[in-house]
Structures are given as structure tokens and as C-alpha cells.
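Given the sequences, and given the hints that come with them, work out the whole structure.
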Amino acid sequence: MKILEINDLSKSYDGKNNALKDCSFSIESGKICAIVGESGSGKSTLLKLIAGLERPSAGQIKIKGKVVSNDDIIVSPQKRNVGLVFQDFALFPHLTVKENISFGLKKDKTKKVDELLKKIKMEGYGNRYPSELSGGQEQRVSIARTLALNPELLLLDEPFSSLDTNLKSDLRQEIKQIIKYIGQSMIFITHDIFDALDIADEIIFLKEGNIIRHSSIKNTYKDVENEYLKKSMKELKLNAERILKAVNNK
Amino acid sequence: MRFDLKHFKRDLNQWSLYTVAISLFIAIPVFTIIFHLFNGKGEMWDHIVTYFLLDYVLNSIALLFGTGIICFSLGTASAWIVTKYDFPYRKLIEWLLFMPLAIPSYIVAYSYVGLLGNGGTFIRFLNMFGIPIKKIEMMNIYGLIAVLSFSLFPYVYAGTRAMFKSYPNSIRESAYLLGASEIRYFFSVALPLASPAIIGGLFLVFMEVLNDYGAAKYYGINTFTTGIFRTWTALEDIQSSIYLSALLVVLALFILAIVKWFRGKKSYALKFNNEDKTKRYNLVGYKKIYLIVVFIPILAGFVFPVFQLLIWAVQTFEVIFNYALFSIVIQSVLVALFTALIIVLIALLLIYFSRWSILKTPRFFPKIATLGYVIPGAIIGIGIIRSSNSIIVFFDTYLDLKVGYLFYGSSVVLIYAYIFRFLAVGYNSIEANTLKLGKHLEQTSYLLGIDKFVTFVKIDLPLLRNSIISAFVLVFIDTLKELPLTLILKPYDLNTLAVKAYEYAEDERVAEASIPALLLISTIVILITLINYKKSKTN
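Protein chains in written order, with my numbering: chain L, 27 to 276; chain H, -18 to 520.
Be careful, since some hints might not be right.
Stated by the list, open to error - Computed footprint of chain H on chain L; a stretch qualifies when at least three of its residues, placed anywhere within it, have a C-beta under 8 Å from a C-beta of chain H:
no. : stretch
1   : 92 to 103
2   : 109 to 115
3   : 120 to 130
Treat the hints as calculated values from the structure; they're not laboratory data.
Nothing here was measured: the structure is a model prediction, and the numbers come from that model.
Every residue gets a Cβ at the ideal spot worked out from N, C-alpha and C, and that includes glycine.
Set out below in C-alpha cells:
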């Protein structure tokens, strides 16, 4: 079953230039999809349109078969059952971890919060404030808060960009485990192809507001003409050479 | 701003309509003035143009230039000394430099006549030392420039000091390591970086100068504002006063345009400190002479006027300090409290309704509603009287209802006028903080299924608490000090401390004005101190 269907979606902020141009794609339920692109490619706009935080200039979005936006209809973010984790985590600074996680819950708050704190391995942190947490912890709380409402679709905006390299790899695996364990459909955006290769089932490449490729991970590896892959491999090779050179000189 | 006709129906929501309706309602005085401009010139207009207009224009421009130059010098120099150097009681001096704001300029004007006029306190002091001087003439344009400057320079000082404090130390250290002298650093780095704050401060000074009525009237200087009053009351030609008002609005908008243009050109993307981590140098040796720069404005803008008022207060205490005065204090405080409360409420409504409006066009309307701060009180007064009269006539003619007493027998019209005049004060200080909060917190709340109103109550309101309190206090202070609007629109049985002080001074009983003035000043000093204390605790 398709969790998300997007048809001819466009968005222009000024009426002249399109941040997103005639995008169409769909995602199957339970899959993790990465949207990869450089700054200004339209990744964040696409995510906000899916969440209902922006209104499309043209095109249609369906979530679980139901139209949530087109030229005539706009379903509010509150009614889409979509979760979004922002790049800055957007934890409410005046509320504790527990209060943050239970913010959207209407019943069984304590039970659900304890369950989620266990799942993100932060059992002893319930009474702390966001300012007392590390970047990685803040991110896990933010994901837990979103998962508390069992959204149909989880959206993550550049989830690993503010983390250092050591933490990044561990957290990628951790998030993948959590998401796969609960069978959650997820879309995340990134400018780093390794984030995508590490945890996604499929990748959409965006450039200047256009979808230039949409393929499974397996096919992406085979895609020797993929410019992101080529560029990243080249960088990786250069870095490896530099390290080897430095080691040999010592 | 782009109008998307295709999606108009889809994107129109109730918040767009509320934003437009509230904004237009508040801005009625502006539309009234514009509307009446097309009614043709008044009877006395030619007479005013022949005999007075040039005087109004030249005096107003001279006042703007004079106060601008002095406020710039006093404000930037004192801000520089307190942020660059450390010396005993520095923090107290930093606070004292704000204090002239607590004294309305017309009261500073009265006190200087008491200090320097015939047989004045300072003159007698000089005579004691054998200096045979009879008086220092203050009641001319130079005296008015001096008085307005002493009273208004803190507008420049406040922003500039905050800017100087926020520079990373690395900027100063880099300049010194590159061989810049202290003077060169000040003129070629510090001052240009602080220019947006300086210009912002000067803009407020200019608006206060154009709004001033009490000081100019007392010193007998013809300005636009005194001219508007005279044309209306003495010449009884409201149509000509509307023409004068329109000219004054053009002058105010011209200044605003220059400020916007200059600010647009000067914006610096620097990572500033949020708190004061400025490295200060000890003020030693001959440099102690710099302290004169901070003492002159404190003495001239606060200590001398308060000293003179205290002398008068002692002389008039028994006559003035009575139950009637107590009743005036209560009335002043109640009116200011009520105004501040409503303004904060309207500011929040406008900020959030326009945020919740999907259409972008309605977001422009609060700008019209907040125009009051650049329109002098006298003009707002005339605009409101004109629109009230139209409403009264409408009710009388078409519905046979006499509603005049509702407008002029109560404080409704006065409070409405205050709202238009001071909405910008509350709106801007709250809006700046909502912008700092960003949109992610509220958007997250929406995505967690929480509606707009609950999000506002649970997320925005607690996080904006401090800025709401600051906005409330700032509006309260401005309302308490306000004179021209109150004079025009107050109902017969209402009196405020500001009006009472003015009435005594107008009756040539300036000494009696001291006690209402001191009560006004002490209330404001307490409030400014509370805000500063709260800010320092928050930091």
C-alpha cells in the first residue's frame, strides 16, 4: 500500500521562481526514503509541503490514499497524522523531557512516556530540561515525542547534520533500528549521500527543484553515472590518500 | 508581496479577516486626516501660510538638527565610555544614564527656567561666589534644543550601548593588532558597526521632538505641533490644522524613509554576544577626565531638574499635597494600566492573527495600525475628534440616538487614541521576540495535533512572558508621560499627573507643578529599575 503519493507538485514563493517543479513520486508503506540534494534544491520545501506547513502552488499530495492538498483542499498539519522532526529538534525549552514527549498525548501519558524513554535509552532523563541534554539526546527525545502519536509517516529534516562524525554513525543505526522495529514509514532529507546509503530503502535525488532520480539503494550502488555518488567517492578517495600520505611521512 | 488569485478562496481564513479589521479600526484617525484633506483649505490657511508656516518649518527643522547632533554626541560618547572602561560605580552610572527618560521633556523645560531664570537656584549660587549674573536666557530655540537634548539623548545611548556591548572582543583586538589607534578604532570600526542602533535611536529622538508640545509652548517657540494647537483652538480653524497635520506627517514619513533607506544599506552579519562579556580597561591617569562625558548628561538630564523640582516641592508641599492630588495619581495610574493592558492584548492579537493568516497581504496591515508612533499626538487627537464627530452625527441623523456623551463624557476616546499612538511600542517589542522564537516550536506543536490557540497558550505565552511584561511597562510609562493627546481628548472630570503639571505651569505656577512631576518621575524610575533588574536576572 502506498503511504504517500505526490503528483505534479510545484511550489513558488515569489510567483516567478519555482522552489519545486512538477515533482511526482510515491512511497510504499513501511519504507525509509532519503531525499538527497544540495542546499537550495527544494528538499526542505518538499518536506514542509508534505507536513502541511506550506501550501503548494500546484499539484496534489495524498497520504494513505486520502488527498491532503491540492488547488482546492488543504488538510491542516494537525489532521494529517504526519510527524516532523526539525533539524534544530524544536524541543519546548520550558518543558521537561517527559512533558515534551507527552505534549501531544491525550491519554495513558505516563505509560507511553516511560515506554518511549526506554526505547530511546533515556530512562533517567525524564525530569531534565532540553538545555541539560546533549545534541544526540535532544534528537532522540524529539523523535520519541513525534513517535508518541503513532504518525502514519515520519519526516526528518537533516537529522544528522548537527552531530559530530563519531556520533553520527551510531545514531544512524540506532534510528534505523527503532524505525524498522515499529515498521514506521519515514522520509528524511540529507545532503550527505552516506546518510542515505546507510539507512534508506530508496533515494530521491533533487536538483534545482526537480527530481532527477528515484531509485532503490541496490540500484543506486549500481548507478555509476550518479553524480552525487561520483563526487562523494572522489572526496573519499582524496581524503584516504591524504591520510595515507601523512602516515607514510611520519 | 504577491497576490495569488487562484488560491485566494483556499487560503483565505478568519485570521486574515480579523487582522485586516482590527488594523483598519485602529488606523481610523489616519484615514480621517487623509479624507478631510480633500475638503479644501480652511478659512485661515492663507493667513497661516503668509505669517506662520515658514516659522513652523524652520523652527522644527532647527530643532531636529540641533537635538539630533547633541543627542548623537552625548549618547554615543557616554555609551562608549561605559562599555570601553571600568571605573568605580560604573553599573550605577550606566543605569543613571537612562534616567532622563523618566522626566517628560516639558518638565525638564520648566525646571531649567527655575534653575537659570531670573533669581533662579543656579543663578543665586553663582551670585554667592560674586559672579554678577542675572539670568541665563533659556526661553529661546537654543534653550529648547538644549532641554530636549538632555531629556532625549538616552534613546541614542540605550541602543548604542547595547550594540557596543554585543561586539565580540575579537573585533577590537583584531583592530588593535592591525595597528589601529583607539580613536581610529572608534571612528572606523565601532561607530560604523553601531550605526543601525544610532540611527534607530535618533529616529525616536526626532519623533519625540516633533511630538513635543509642552516644552515648545512654554518656551514660546512656534513649531508644527504648537501651530496645530493654535490653529485649532485660538484660530478655531480645524481644517487648516488638518492641513498642517498633513505637512507634519509628510515630514515624519520623510524622516522614516531616510532611516529605512540608511538602515537598509547598513546591515552587518556579525555574530554578536547576547550578554555582556566585554573586556573593559581601567580608567586611570589623565583618562579619568573622560568621566566628564558621562557626568554632564546625568547632571543636565536628571540631577539638576530633579534638584530644582525638589526645591519647589518643599516650598509648595503644604498647598499641593492633598486628597485631590491623590485622586489624580489614582486616575493616572488606572488609565495607564488599562491602556497598557489593552495594547498588549491587541498587539498579541495582531501578531498572532497575522501569523495565522495564510494569505500574505493581510500581514501588511498591522504596519498601518502601528503608524501611530510616527504621528504626533496633536494630529491623532484631531483625527479622532473628526471621526468621532462623524459617528455622533451619523447616530443622531439616521438613528436618532445621542451618543456624544459616550465619546466625550468617558475615557473611551482617550484610551482609543493612546492605543493608536502607542500600539507600536507594545507591538514591536513583543514581535521582535516572537521572531526570535522562530516558527519551529509552534509548527511542531501543530504536528503533534494541538490547535493554534492551545499552542499559543502552552508554548508561545510562557516563552514570551518577559517581553510581554516589558511591553506592558513601556506602554504604561509612555501613557503616564503623554501630554498633547490627553489635553485634547480627556473628559472633563479626568485629570492626569502630566496634565496637572502642565496646567500649573501654564498658570504661571510652575513651582506647584513640581509635586505632580515628581510623583510621575518616581513612578517611572521605579518601573525602569524593575525592568532593568528583570533583564539582568534573565541574562
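Against the structure, the hints come out as follows:
no. : hint       : in the structure
1   : 92 to 103  : holds (count 6)
2   : 109 to 115 : holds (count 4)
3   : 120 to 130 : holds (count 3)
Checked against the numbered hints above, the structure breaks none of them.
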